[in-house]
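Undergrad: Protein chains in written order, with this note's numbering: chain A, 1 to 511; chain B, 1 to 339.
Everything labelled a hint here was simulated from the structure, so no lab data went into it.
Certain hints may be false.
In the DSBU-like style, the derived pairs of lysine-lysine whose C-alpha atoms are separated by at most 30 Å in a straight line are [claimed, not checked]:
# : chain 1 : residue 1 : chain 2 : residue 2
1 : A       : LYS168    : A       : LYS472
2 : A       : LYS225    : B       : LYS301
3 : A       : LYS168    : B       : LYS301
4 : A       : LYS278    : A       : LYS367
5 : B       : LYS104    : A       : LYS472
6 : A       : LYS469    : B       : LYS104
7 : A       : LYS367    : A       : LYS472
8 : A       : LYS125    : A       : LYS367
9 : B       : LYS301    : A       : LYS125
Computed from a predicted structure; not experimentally measured.
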Amino acid sequence: MPLDVVTLSRLQFALTIMFHYLFPPLTIGMGVVMAYLEARYLWTKEPIYEIAARFWTQLFAVTFAMGVATGIVMEFEFGTNWAAYSRFVGDVFGSALAAEGIFAFFLESGFLAVLVFGWDKVGPKFHFFATLMVSLGSMFSAVWIIVANSWQQTPAGDRIVQMMRDGKPWFDASGHPVMRAEIVDFHAVVFNPSFVDRLVHTLIGAFVLGAFFVMSISAYYLLRKRHEEFARRSFSGALLLATVFSLAQLLSGDANGRMVARQQPAKLAAFEGQFQTKPGDLSIVGWPDVQRKTTRGEVAIPGLLSFLLHGDRHAPVTGLDQVPRAYWPPVTAAFLTYHAMVAIGTFFIALTLLASFLRWRGTLFEKRWLLWIFVVSVFFAVAANELGWAAAEVGRQPWVVYPGLQRDAAGNFLLDSHGILQYRTAEGLLTRDAVSESISSGQVIGSIAMFSVIYGLLLLVWLAVLNDKIHKGPQPLSPPARTTGQSLAAAVGELVDHGASLSEAKDESPD
Amino acid sequence: MDFHAIWFVLLGVLLAGYAVLDGFDLGVGILHPLARDDQERRLFLNAIGPIWDGNEVWLVTFGGALFAAFPEAYATAFSAFYTALMFVLSALIFRATAIEFRGKSSSPRWRRAWDFAFFASSLLASMLFGVAVGNAMIGIPLNDRGVFLGTFWDEIGPYPILVGLLTVAMFAMHGALYLYLKVPHGELHQRVGRWMWHTWGMFLVMYLLTTIYTLVVVHGATQNFQRWPWAAGIVVVNVLAIANVPRTVFADKPGQAFASSCVTIAALVALFGIALWPNLVAARNNPANSLSVYRAASSDKTLRIMFVIACLGMPLVLTYTLAVYWTFRRRVQIGPHSY
């Protein structure tokens, strides 16, 4: 591969987005866990829930800061590295990013302050509200980003028009019309054909990761016989969440498979190593050989792919033979990332069902080997989130904006006289045409080097801080703050200590 | 209604909001090395602790709104300033992580390293924002397609550097005025009181130099004043606000002094917008290649949709911002949840 601006910019985008995406799903998942714990605290008034909520909030805060710091990079990169793309799609894509800023980021950042610093400044109900708002904000953020990304995958609600300049149609220096996408129907842009399926899949992935993160740390405490009451409660709650969402992810994955087959048949063919159009087998393992157009070492369940997609074991599944060679995605990378994600998802279903069964039998916390599996499984959960996105984005290549296909009135693909799918190429944009016109490879190499160093350093620091917090463990509440039977004198004393107002001190006094 | 003009103004509002709000926490970063011990450094960090992240969202939203409303300007400016923006990004990353991570270990080396990161990144980010404004004032070389025709070195001429230094001095003053409101009474508070005078003096010098340089060198910076005579009123407000800072500091009304500093910054952003109009990115080599609000804009329909989104969103944003500032309105105290 030549180290041109396109390749380097793709490399940089992959590096920065994959590093960034370590954090948002974790904060989305942990947000749900914290909201649950604070709700339990308000309901039961058992201090253990508040201790737990405070503990997870600390881990949440450092992770959130990493997400914010690495997230700004993403917004800037569309302009710095992908200026031609930004010119082509700004009318549509930019709107989603701006909406994310207005509707999600302000909400998150505002209430995050209350969440982290407000324990002794606001009452528990308002604190719970703040936690809900941060959690909601992080999900709104996911909504708008997935609107933007899904529109790239399956554009809708826009049209490609020639730009006007000073009231006249605009032609560039070589006489070509300057084209771009413009919104026709904002509702159709938002609810484009892949948005709902992909949003659900992404959010469930985040919930599963959050639950596995909590279970990993709780299992570690149980193995080390520390904070056992805290760890058992955290583990049980998270296990319920993980079991439900691992099963739900199977259904969501199935829906996504059918959606991709309908919208992006070349991507699905790459995922499944479907080189020929014929009834499809569901491959479990294998290694696609693009030269020989076959999957080496394949173990597959005959007819299952056709059955899952079309409800008929003998229905043909579009293969790469119907896709123009120039529009093949990188088959091996798409196949492997997709299969690794599915393998982890399947493993999670088995693992959480087994653990739930043992929890019901009451023997779960005696099975040390199983707890060890839970300690390390959080890394698989991170990997599954990353791999899923890698598969989705690699499978979209060579397009950055995926064009539609010619279809008949019933929505079936129309083939040309050679039996090849017909892309409406004018609607799409190739990745190689999307980079900034004014930047050089040297500049991008420099920024890749910069990001590699900074991110490497930050990853170590973040892990060290998490490690430190986990070793310290949940802290008991400071005695004057929440002991029962507190006298008025003690409350006043505390008031002086904290510089709070009398009404706030009342809010904090126990029932 | 002319949505191009409305969006130009709305971007100005977002930029002014960013400069006023993040300006003081960048300023606190610039002044941070003046703190004498760990306790003082922690007080500085905690003075901005709950709010710096929300302040930075104004920049993120400014970027998103520029992308949505004027994609050609976003694409041209962001790719033209590639190297400078990479430095901005590294500064913002280090700033966020320094604030968050500094207090996570009590090792003096760990804290010194993050202290330096916090100071250097605040200084670098402030300087580069000023350099960007300076370049916008004098324009950059663009071809007919609106693509940047220069290198990084074309972007760091004397004028952008002067505006960069002005920005650093202005944010340092703004930060000192903010700290004076937030640090507890005592010896540190008195020292911060002296910094207000020093930073105001430095800002005044930079302001005068920049004003003279702009009037002499940047042709067209004042041409819109003939079109809109009321714009002279903003100059008056700007000068009065600057003069009001020492008056109110002397009269021991630090709240009013800080408000005057906010007005100073907002007025400067307004004057910047008036100088720029109707361009977003001016072409220094050939004015015909400039990206005006009309050439760089999204379709009318998108500008309208975005306007509706802004009208729905901005009241919410103001509510959260006010709620958070109200919750954390008191002077800083170091507690168990502090950095």
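Undergrad: Run every hint past the structure and note whether it holds.
TA: Hint-by-hint comparison with the structure:
1. A:LYS168 - A:LYS472: Outside the cut-off at roughly 67 Å; violated.
2. A:LYS225 - B:LYS301: Given that 30 Å is the threshold and the Cα spacing comes to 62 Å, the pair is violated.
3. A:LYS168 - B:LYS301: 18 Å, holds
4. A:LYS278 - A:LYS367: Given that 30 Å is the threshold and the Cα spacing comes to 47 Å, the pair is violated.
5. B:LYS104 - A:LYS472: Between LYS104 (chain B) and LYS472 (chain A) the Cα gap is close to 12 Å, so the pair holds against 30 Å.
6. A:LYS469 - B:LYS104: Roughly 9 Å between the alpha carbons, so the hint for LYS469 (chain A) and LYS104 (chain B) holds.
7. A:LYS367 - A:LYS472: 25 Å, holds
8. A:LYS125 - A:LYS367: With a Cα-Cα distance of about 38 Å, the restraint between LYS125 (chain A) and LYS367 (chain A) is violated, given a limit of 30 Å.
9. B:LYS301 - A:LYS125: Distance ~42 Å between LYS301 (chain B) and LYS125 (chain A) Cα, so the pair is violated.
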